[in-house]
Structure formats: structure tokens, C-alpha cells
Amino acid sequence: QNLSFQLNYPHESSASFSPNMAEHHTVSECKHKANPNAGGSLSGNGLSGGLTQPAGWQSLLSFTILFLAWLAGFSSRLFAVIRFESIIHEFDPWFNYRSTHHLSTNGFYEFLNWFDERAWYPLGRIVGGTVYPGLMVTAGLIHYLLNLLHVTVHIRDVCVFLAPVFSGLTAISTFLLTRELWNQSAGLLAACFIAIVPGYISRSVAGSFDNEGIAIFALQFTYYLWVKSVKTGSVFWTIGCCLSYFYMVSAWGGYVFIINLIPLHVFVLLLMQRYSRRLYIAYSTFYIVGLVLSMQIPFVGFQPIRTSEHMAAAGVFALLQAYAFLQYLKDRLTKQEFQTLFFLGVSLAAGVVFLTVIYLTYTELGCLYLYSVYAKIHIPIIASVSEHQPTTWVSFFFDLHILVCTFPAGLWFCIKNVNDERVFVALYAISAVYFAGVMVRLMLTLTPVVCMLSAIAFSSVFEHYLGDDTKRENPPAEDSSDEDDKRNSGNLYDKAGKVRKHVSEQDKPEEGLGPNIKSIVTMLMLMLLMMFAVHCTWVTSNAYSSPSVVLASYNHDGSRNILDDFREAYYWLRQNTDEHARVMSWWDYGYQIAGMANRTTLVDNNTWNNSHIALVGKAMSSNESAAYEIMKSLDVDYVLIIFGGVIGYSGDDINKFLWMVRIAEGEHPKDIRESDYFTPQGEFRVDKAGSPTLLNCLMYKMSYYRFGEMQLDFRTPPGFDRTRNAEIGNKDIRLKHLEEAFTSEHWLVRIYRVKKQENRQPLEHKLRSVLAKQKYTSKKKGKKLNKKSV
Amino acid sequence: MATDGSAARDTNCMAGPKRGRRVTSMSLRLPGTLLSYAVFVLSAGLAAQVVSGDGKTLVLLDNPNIRDTHSVFFRALADRGFDLTFKTADDPGLSLIKYGQFLYDHLIIFSPSVEDFGGNINVETITAFIDGGGNVLVAASSDIGDPLRELGSECGIEFDEEKTAVIDHHNYDVSDPGEHTLIVADPENLLKAPTIVGKPTEKPILFKGVGMVADPDNPLVLDILTGSSTSYSYFPDHPITQYPHAVGKNTLLIAGLQARNNARVVFSGSLHFFSDAFFNSAVQKATPGSERYPKPGNQELAEALSRWVFKEAGVLRVGAVTHHPVGENTPPAAYTVTDLVEYSIVIEMLSEGRWVPFDGDDIQLEFVRIDPFVRTYLKKNGGKYSVQFKLPDVYGVFQFKVDYNRLGYTHLYSSTQVSVRPLQHTQYERFIPSAYPYYASVFSMMAGLFIFGFVFLHMKEKEKAD
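Read top to bottom, the protein sequences are chains Y and V.
Residue numbers 1 to 790, in UniProt numbering, belong to the letters of the first sequence in order.
Residue numbers 1 to 466, in UniProt numbering, belong to the letters of the second sequence in order.
Cβ-to-Cβ under 10 Å is the rule here; a few derived chain V residues that face chain Y:
id, residue
1, Thr127
2, Asp131
3, Asp215
4, Val368
5, Arg369
6, Asp371
7, Gln399
8, Ser419
9, Gln427
When the alpha-carbon atoms are kept at most 16 Å apart in a straight line, the in silico EDC-like pairs for lysine to aspartate or glutamate are as follows:
id, chain 1, residue 1, chain 2, residue 2
10, Y, Lys632, V, Asp371
11, Y, Lys756, Y, Glu629
12, V, Lys380, V, Glu348
13, Y, Lys756, Y, Glu740
14, Y, Lys766, V, Asp146
15, V, Lys384, V, Asp362
16, Y, Lys766, V, Asp215
17, Y, Lys756, V, Asp131
18, V, Lys295, V, Asp186
19, V, Lys285, V, Asp186
20, V, Lys295, V, Asp276
21, Y, Lys766, V, Asp217
22, Y, Lys755, V, Asp131
23, V, Lys87, V, Asp62
24, Y, Lys766, V, Glu161
25, Y, Lys755, Y, Glu740
Hint data in this document are derived by calculation from the structure and do not stem from the laboratory.
Positions of the beta carbon are idealized from the N, C-alpha and C atoms, including for glycine.
The task is simple: from the sequences and hints, build the whole structure.
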């Protein structure tokens with residue numbers, strides 16, 4: 001019976017990677033990494049799982065499915081590498097790559113103490129203390145091990161392929177977690193889902209060397225170990241959970257999600273009267289060891305005991321201790337005494353909690369959840385990041401496809417057959433849905449739970465409609481933990497009986513299904529899964545595998561143009577400027593300039609210092625002479641901007657310009673006002689109707705310098721901006737303090753050199769104050785008169 | 001491909017002629033500093049100039065007579081070792097720059113009325129000459145031609161129109177024919193800068209010529225000699241119908257410019273100022289009871305001006321700059337916060353054709369990261385200036401800056417970039433006294449657990465025995 005429905009899964013996974021059959025060269029690479037892990041993790045569970053089947057069959061099948069899931073996941077992440085090159089494709093990962101490179105060249109301690117004087121000039125950045133080092137250490141370790149075995153790969157290739165390899169590990173840990181929650185078949189389905197689901201692929205394609213790539217694995221693995229330790233109540237599993245949590249803390253700031261979700265789980269279990277010794281052991285150990293371990297990461301430091309987003313964990317810890325103490329007292333005291341004591345204790349605790357809440361409210365508003373809402377309204381720099389925008393409905397479907405529709409069913413199954421760990425997954429689902437709604441970026445935390453719950457839903461459906469007519473007496477929902485619960489907690493309380501009633505109810509509708517209905521439903525489900533696989537491949541190929549370093553455009557005949565302007569310009573910087581030249585640009589490009597051009601930058605994607613960014617924003621949005629003063633004080637040698645008006649690239653600096661103005665206004669409200677950059681009608685326009693402040697600011701001048709002379713095609717006037725579909729308003733742009741140093745082939749990147757101060761200061765106008773005669777002005781050279789002309 | 005973020009390929013080649021020049025003439029790398037680097041910005045003129053008063057000088061004259069009427073001035077220059085080449089301003093063979101090289105170090109333009117320079121000299125070549133570090137002495141007069149006026153405006157000075165003169169009805173010489181244009185300028189109105197105008201004297205200065213005004217916002221122009229508060233500039237033979245070009249103290253008689261590359265330019269409104277006649281004639285203000293001087297101060301002032309403008313006086317340079325932690329000799333790759341650092345700089349002055357240590361007590365050092373974090377006086381210590389100070393408890397990329405800008409002296413600017421890094425993980429204090437209670441609690445806990453374990457095991461055994 002098990003075999004018959006599991007046979008569908010190879011179809012499932014093969015459908016997903018069949019479009020990528022061209023990528024055979026990756027298979028061998030995957031294989032030698034996959035084998036030991038997959039085999040190791042599965043040898044145990046295959047043996048214990050099957051009752052009706054020989055253990056060998058089941059474990060072989062599970063192994064094969066997981067291996068194929070890994071392979072499918074790995075290969076579907078390779079689009080970008082195959083179409084372009086094996087390089088780091090995104091903006092942010094360039095820093096990760098650069099620091100990994102530093103780590104692998106100079107060793108761990110040098111990395112820990114690395115003071116990067118090339119970033120945030122002239123402030124510098126302590127890299128070791130301001131990163132989550134997990135990613136770099138992982139990549140560095142793999143590189144080290146491979147080199148130890150004389151597999152001499154370049155660190156770049158390790159970085160590029162790290163995320164796809166880790167997606168396989170994520171699939172396995174999702175399998176393990178789902179198996180703990182439901183059963184093995186659901187686990188396999190979940191592993192297949194997570195391997196190819198776009199919501200996760202978006203952050204883990206080859207070449208996106210980002211924290212999330214390994215963090216989702218750590219997240220799932222931590223949850224698996226947590227569920228395991230709650231189930232068993234063993235310190236061994238809990239310590240494993242702590243170590244995994246430690247890895248997660250070292251890898252991603254999203255660890256806060258774990259340290260809030262696990263206490264929430266414990267708290268809800270307490271409310272549901274599901275307290276047990278297993279829970280007590282698991283959480284007490286986890287909190288103490290996890291706290292100590294998490295504080296070992298320099299970037300995290302004392303945050304776990306200081307900031308409010310970690311307070312829930314501490315509060316639940318205290319609550320759990322109190323609860324356990326009360327349980328202990330309950331045994332020792334009479335009912336009357338206990339009630340008095342209980343009343344006293346509760347009121348005392350309530351008082352303490354109340355005071356704490358008031359204290360926290362008044363001192364720290366930086367609670368994570370409040371923060372994202374608060375920050376969005378008040379801090380433009382956070383709001384300006386596209387990842388921090390709220391999620392649209394479309395992107396739920398786009399990233400999760402059919403899973404987003406089926407996962408509530410899985411959630412319902414879990415709630416209906418509730419036990420300790422299903423409470424956990426329910427809470428996980430609910431909180432992740434909320435966060436994913438707040439921020440696009442947090443879609444990533446929703447994806448695994450959606451995969452798991454959908455797998456449970458699909459698995460249950462298949463069990464009903466694909467299974468033999470002979471009913472199983474013990475549905476998989478009936479897990480051992482409830483019995484454990486009863487056995488371990490002894491006579492403290494007993495809730496297991498209630499749960500069992502639900503289970504017996506569940507059996508009823510299975511009776512009397514005709515073969516037609518069964519096959520129709522099965523076919524329908526299989527169709528859905530196939531469409532899901534097709535959708536995943538399509539989304540991965542079209543949406544998430546286009547690198548931002550290299551742009552591609554397609555002609556009418558389908559041939560492809562590669563616009564390699566970014567690398568062209570960075571390479572120019574690398575080759576033609578002084579080694580210590582300081583390049584000013586908007587912060588989006590800081591990591592790339594540092595990584596590819598190896599030049600000092602003023603601000604970069606680690607947006608830790610708002611005022612410094614505001615200074616750069618102010619320089620960009622002021623007029624040229626005011627900007628020159630700022631640039632002089634910051635020792636700027638070159639200014640780099642991105643201009644998409646020639647090719648119609650919408651992510652350019654003019655489109656980001658309002659954020660620069662807003663951020664600058666936040667720090668310098670007297671000099672920069674956002675309203676100055678709008679027309680009286682409140683529009684942001686670059687054509688003749690645009691506001692004069694905009695038409696004379698440095699960013700506008702640098703973007704459109706010499707652009708007025710350029711006619712792109714015969715249907716449009718000269719100086720027609722394709723991105724904004726407007727003819728620019730200021731075509732006669734003269735620069736006084738800057739000169740054009742480099743413009744890339746498609747004008748995408750423009751680099752300006754900041755001139756030194758003039759050797760002399762020629763007169764720009766006649767000094768005579770009264771009735772200046774026009775007689776001599778004609779003799780002065782035109783170049784001296786640098787009047788702004790609008 | 002630029003994907004390899006590995007060791008930087010050092011490229012010192014920089015695009016653009018300006019930057020290129022700066023690198024070749026002014027930057028040098030301190031030995032042993034990998035991360036810190038130093039750029040010494042010295043006067044570009046110094047690098048090119050020979051270390052003595054002599055230098056090839058081109059003198060442009062309206063007519064050869066001027067050589068005789070101004071013989072005292074020229075002889076003094078020749079005696080000081082200048083190699084003077086006299087040419088008329090419209091000589092067709094004139095040339096200042098040949099194959100990109102300057103043929104002369106200095107230029108004297110004593111040809112106020114020239115309308116077109118001969119040869120390939122024009123205002124642009126002269127400004128290029130200045131921008132290349134050449135020094136220019138310009139004398140105008142009431143028949144000032146357009147090229148000089150243009151040159152003036154290129155340098156931030158505006159001459160009054162042709163045929164105008166500076167007029168002062170209160171401070172004119174007794175020998176004045178009646179237009180009150182032979183002015184007796186009070187030495188009070190000289191710039192208070194002995195390197196430019198020489199030792200302060202009582203002797204008045206004779207002046208007859210055109211006036212100038214300068215942009216008050218221009219920090220490079222020096223008002224060397226201004227008119228008195230009663231002077232103005234206008235056509236001497238016309239009735240005044242317009243507001244005069246320059247009035248009172250705004251009227252500049254002699255103006256100077258020290259460009260940012262330390263090239264020096266002096267504009268004198270009067271060619272007669274340098275003449276033998278003005279050097280030697282007696283001077284007395286026409287106002288009754290004023291003192292009569294047998295000789296005016298012209299000769300001394302002219303000599304001081306020529307010393308300054310031709311870089312014999314007030315020329316400084318930065319020599320070796322060293323910095324290192326106290327107790328060490330070489331600078332580290334990066335300083336650590338709160339290090340005690342010693343900084344020293346050699347500053348030399350050109351005197352009698354030789355570089356001698358400069359003697360100044362007001363030289364300051366700044367330790368700058370956007371804003372100065374430390375500002376301190378440098379103490380003279382043998383041939384060099386040095387100071388010891390504690391670095392601020394702030395990490396970042398800092399610069400040691402010496403920015404010495406004094407009237408009459410070369411603008412001295414030296415900036416050395418160093419990194420100041422925070423403490424390394426091994427540099428923090430290992431045991432801090434205030435944490436001893438915690439250390440004690442840790443060890444007592446360990447001991448307690450051990451004892452408890454021991455007792456627990458022991459007790460259990462006893463129980464069984466019971």
C-alpha cells in the first residue's frame with residue numbers, strides 16, 4: 001500500500017527536472033556530495049518505518065526519492081550559471097564572496113579581526129563583528145576540506161554552488177521534520193516540494209551566495225531537532241537542537257524567528273495543558289545552552305539578553321520554571337494550601353509581567369514585529385529596500401503555486417489530529433503567514449512550512465484515494481508521542497483520550513469510495529502536481545535566474561543580447577584608477593564596487609550608518625557646487641551612477657532618486673526638501689515640466705550629461721529617456737567640478753571624476769557693482785561663464 | 001573578468017593630465033607601509049624650480065627704452081642671478097612654451113599697452129604658464145591693453161578701463177601736474193606680510209597708474225597695496241558721470257596672487273612704480289606740513305615684491321614625514337585605537353638658495369576623519385617638527401594633516417592616510433576585576449556540583465544498603 005502511492009513521487013520529481021536534462025554535467029558533482037549524507041540520514045528511518053513492506057524496499061525507495069529531490073533541486077538552480085557564467089550574480093553576495101575570500105586567504109582569526117578600511121570610507125567597517133559569519137565559515141570550510149583532499153576548486157566555485165548544494169540538505173531536513181510531524185510519505189512529498197518550490201529557489205540559485213541559502217537548512221534542521229527533543233525529552237536531541245540553533249544564529253538574522261517560535265510553542269502547550277517533563281527538559285536545556293551559544297557570535301553579542309525580541313524566550317523560560325515548580329508543589333501540598341499559593345504566585349507573576357511590559361514599551365520600541373511596521377513608516381532607508389515592501393497576493397501564488405491553496409488543508413489535518421509537535425507546525429504556519437504578508441523577504445520563512453503542510457494534505461488525500469480498500473487500524477496520525485505523554489506525565493493530567501476521539505472520527509468518510517471517484521481524484525491531484533512542477537521550472541527559469549550583474553535582452557528573433565555594462569565599468573575602475581581612489585555611489589552598488597573593482601566605497605549595502613548614507617544622498621540631490629563641498633570633505637575621487645535611460649533599465653539611480661532625497665531629508669531637513677523635487681502638481685518628472693531643483697541637482701546632471709545630444713531612434717527627439725518615456729528637460733548640462741571619466745557601452749554605468757580645485761579663480765562676472773558696461777564681457781571666454789541654464 | 005576579488009592589482013595610472021601630474025611630482029610611498037599611504041602635496045612649482053634665486057626670465061617690454069628707464073630694477077634682478085631675456089611684447093619670435101616645455105621660469109610683463117602679444121604668446125599661454133608653476137610680474141599703466149585686462153580677470157582681478165587712473169585729491173605728490181594721479185601711497189596701506197613687502201618702513205610709495213579691484217570672496221588674491229580711503233579710479237580728464245570703478249580702500253594699486261599650485265603673480269597698476277625715476281625722486285605729499293622724503297619706498301618694495309614673486313622668499317617645502325607608535329620605528333599596517341603615536345615632519349624654507357629648516361611656532365597637526373579629532377601644535381625638535389599624542393578611541397580611516405597657510409608663504413599641505421582599527425579579539429582585557437564575582441560563582445558552581453554528585457552517589461548507595 002505504501003509502495004503504490006509512493007511510486008508517484010519519482011514522477012513528481014522527474015517532471016521537475018526533465019526540462020533541465022541538458023545539465024548533465026552537474027549530476028556527477030552532485031552525486032558525490034549527495035551520497036554520504038543522504039545515505040546516512042536515511043539508513044535509520046527506513047528500517048523503523050515499514051510494517052507491511054520489507055524494510056529494505058522502503059529505505060531504498062526513500063533514499064532514491066530524496067536523492068532525486070536533491071538532484072532536481074540542485075539542477076533547477078543552475079539556470080543562471082549555465083546561461084551566463086559561474087560568478088556571483090547579485091549585489092549583496094559580492095560582499096559575502098569578498099569576505100569569504102578574505103577568510104580563505106587569511107584564516108579565521110584574521111577574518112574575525114578584519115577591519116575593512118575600504119568600506120564606509122572614512123569610517124571603515126569591522127567586518128568580523130558586523131556579519132553573520134556562518135555563510136563564510138561554511139564556504140571556507142568546504143573549500144578547506146576540498147583542498148585538503150586535493151580537490152583544488154576555486155573559492156568562487158564553492159561560493160557559487162553552495163546554495164544549490166544546501167538546498168538538498170534543506171530537502172532532507174524538511175523530510176525529517178515532516179516525518180516527525182506526520183509520516184514518511186508526507187515527508188518525502190515535502191522534500192520534493194521544497195526542492196523545487198520557487199519561494200525558496202529565489203534565494204538559493206547558483207550564484208546567489210546569500211545567508212538565506214544556508215539559513216533555511218539550519219532553520220528546518222533546528223525545528224526537526226526541536227520536535228524530536230520535545231517528543232523524546234532527551235537532552236541529547238536538545239543539545240543537537242542547540243548546536244543547530246547556533247549554526248542558524250551564525251548564519252542569518254532570521255534566527256529571531258526560531259527564538260520566538262519555540263517559546264511560543266512551549267507557551268501554547270502550557271496553555272493547552274500539555275505540559276510534560278519532556279517539554280520541561282527540552283526547553284530548559286534549549287534556552288540555556290542556546291542562549292550561551294548564540295551569544296558567542298560577535299555580531300549578536302549581548303542582544304539575546306538585552307533586546308525585546310529575545311524577551312519572549314526568557315519570559316517563557318521563567319514561566320516554565322514556575323509551572324514546573326507549581327506541579328511539584330501540587331504533589332506535596334494539600335489542595336487548600338496549593339490554591340492559596342497558586343493565587344499568590346499568579347498575582348505576583350502577573351504584576352511582574354505587567355511591569356516588564358510597561359518598562360519595555362517605554363524603553364524599547366524596537367520589537368521585531370513592531371519594528372518592521374514602525375520602520376517602514378519612519379525610516380526611509382529601511383522602507384527603500386525593495387525586499388521590505390509588503391507582499392502582494394500575486395507573489396504568494398507565484399512563489400508557491402498550488403501549495404498555497406493546499407496548505408490550509410494540511411494545517412486543518414494537523415489541528416484536527418493535534419499533538420505536541422503539530423501544535424508547533426500550526427504555530428509555525430500561522431506566524432510565517434503573518435510575516436510573509438508584512439515583508440516580501442519573509443516569504444522565505446513561509447515556504448518550508450507551506451511545503452510541509454501541503455505535503456501532509458496531498459499525502460492524506462492520496463492515502464484516502466489511492467490506498468487499498470482494507471483499512472488500516474492505526475492511521476499515521478496516531479503517533480507514539482501521545483502515548484508517551486500519558487506514560488511519562490503519569491497521573492498529572494490526561495488529555496490523550498480526547499485526541500483519540502478525533503482520530504476515530506476521521507476514519508468514517510473513507511468508507512464507500514468507488515473506484516471511479518478514486519481514480520478521478522488521483523488523476524486530478526497528479527495533474528495539479530505536474531502543473532506545479534511545470535510552474536516551478538518556468539518561474540525559476542524566467543524570474544529567479546536572471547542575474548543582476550549581467551543583463552540580457554531578447555531581440556525579436558529570439559536571439560539574446562548580453563549587456564555587460566556593470567562589469568565593463570567595474571573593470572575600468574579596477575584598471576584605470578588609483579588603487580586608493582574613493583568612489584562615491586548610491587549604496588546599492590557599494591558591495592559590487594568593493595568586490596569587482598576593488599576600490600574604496602563610501603556607503604554600501606550594509607546600511608548601518610544612516611547619516612553617512614544621508615550625506616551621500618545629500619550630495620546626489622544638491623546642486624553641483626554644494627555637492628562639491630560634500631565630496632571634498634569626503635575625499636571623493638570618482639562618482640559612479642547607474643543610468644538606464646538609453647536601454648530602458650528601470651532600476652537606475654533616477655528611479656531610486658526619491659529615496660536618496662528622502663533619506664537626505666531625514667538627516668538634513670534644512671537643505672533638502674522632498675517637495676522641491678516635485679512639480680507643483682506633485683509629479684516627479686524629468687522633462688521640461690520637472691522642478692528646477694531636480695533639473696539642476698547633481699544626480700540629474702550626471703545622469704543626463706551629454707544625453708541631450710543623443711538621438712536613440714528616429715521616432716523620438718534627442719535626449720529621450722526610454723525608462724521614463726520623456727524627453728529630458730535640461731539638455732544643456734555643463735559640469736564645473738566634475739568631468740566625465742567613463743561611460744559604459746549602453747550608458748548603464750557612468751563614472752565621473754571629481755576635479756581638483758581650480759588653480760586660480762577667474763572672475764565670473766564684472767566686479768563693478770553699479771552699471772557694469774557690457775563692453776568687455778564679450779571678450780571673456782565662454783568657458784569661464786558656467787551659468788546654469790534651465 | 002573582474003570576478004576575482006583577490007589581491008588588488010595595483011594601478012597607479014590615472015586618467016587625466018591633472019591627476020597624472022600630481023602623481024608624478026608629488027606622491028611618494030613610505031617604505032614599510034602596506035595599508036597606509038602617504039601623499040605629500042608640495043608646491044608643483046618647487047619640483048620644477050632650481051633651488052636658487054636664479055632662473056630664466058623673459059621680460060616683455062612695450063619698447064626697448066623701458067630697459068633703460070627701469071635699469072635699476074633690472075640690474076638688481078640680474079645681480080641676484082636672474083637670467084633676463086628682453087623682448088618687445090610684439091616680437092614675432094616670442095614663445096613661452098616649446099614642445100610642451102616651459103622655456104622660462106619667470107615672466108615679467110612690462111608692456112601695459114600691448115594689444116596683441118607677438119609669437120605664440122597670448123593670455124591662454126600665460127595662464128597655462130601660471131598653471132604650470134611659472135611666476136609672473138605684471139605692470140600696467142593707464143594705457144592698459146586688453147590682454148593684460150584679460151589676464152587680470154583670469155587671475156581674479158579686474159583692471160579699470162583704458163585711460164583711467166587712480167586719483168587721490170588728498171595724497172598726491174607735490175610734483176603732480178594737476179590731475180592728482182601721482183599718488184603718494186601710505187605704507188600703512190601695505191599688506192602686513194614682511195615676506196611679500198619687506199621690512200616695514202616709513203617711506204611713502206609713489207604710484208601713478210591704473211587701479212584694480214579684486215573679488216573679496218577670492219581667497220587667493222592678496223591686496224598688497226591699496227589706495228587710501230580718499231582715492232578712486234576714473235578718467236582724470238573727464239567729469240565724473242558714473243560711479244567710479246573702484247573707490248577708497250577697494251582700489252588696489254598692487255595685487256598679488258598665489259595660485260593653488262603656489263605659482264605667484266603680482267599685478268602692479270603702475271609701470272612707473274618700477275622706474276628709475278620713481279626709485280630716486282624725492283617725495284612729499286602736497287598737503288601742507290607733510291614730511292619730505294629724499295627717496296620713496298619704491299625700490300625696497302619693488303625688490304621685496306620681486307623676491308616674493310620669483311620665489312626667493314617665503315618658499316617652504318615638506319620633507320620626510322614619519323609616524324609610528326611611540327617606542328617603535330616603523331608604522332604598523334594599521335594603528336589600534338588609543339595608541340600613543342609620534343608624528344614628525346620636516347619643513348624647510350628656501351633661504352639664499354639653500355633649503356634650511358623652517359622656524360615657525362604655529363604649525364599645527366590635525367588628525368582628521370571628516371572632522372579633526374585631534375588638533376595640536378607641532379614642536380620644533382632639531383631639524384623637524386614632531387608631536388606625540390594619543391589616538392582617539394574611534395576607529396576609521398584617518399589622515400595626519402598639516403595645513404600651513406600663512407600670508408606670504410607657500411601653502412604647505414601634507415596629508416598622510418592611516419587606518420585606525422579597533423581592538424583585536426586578543427587585545428581585550430582577559431580578567432576584569434568587576435567580573436570576579438562571576439568567576440567565583442562559576443568555579444563555586446563547578447565545585448558544588450562535584451561535591452553534590454559525589455554525595456548523591458554515596459547517599460544512594462547507603463539507601464540501598466538500608
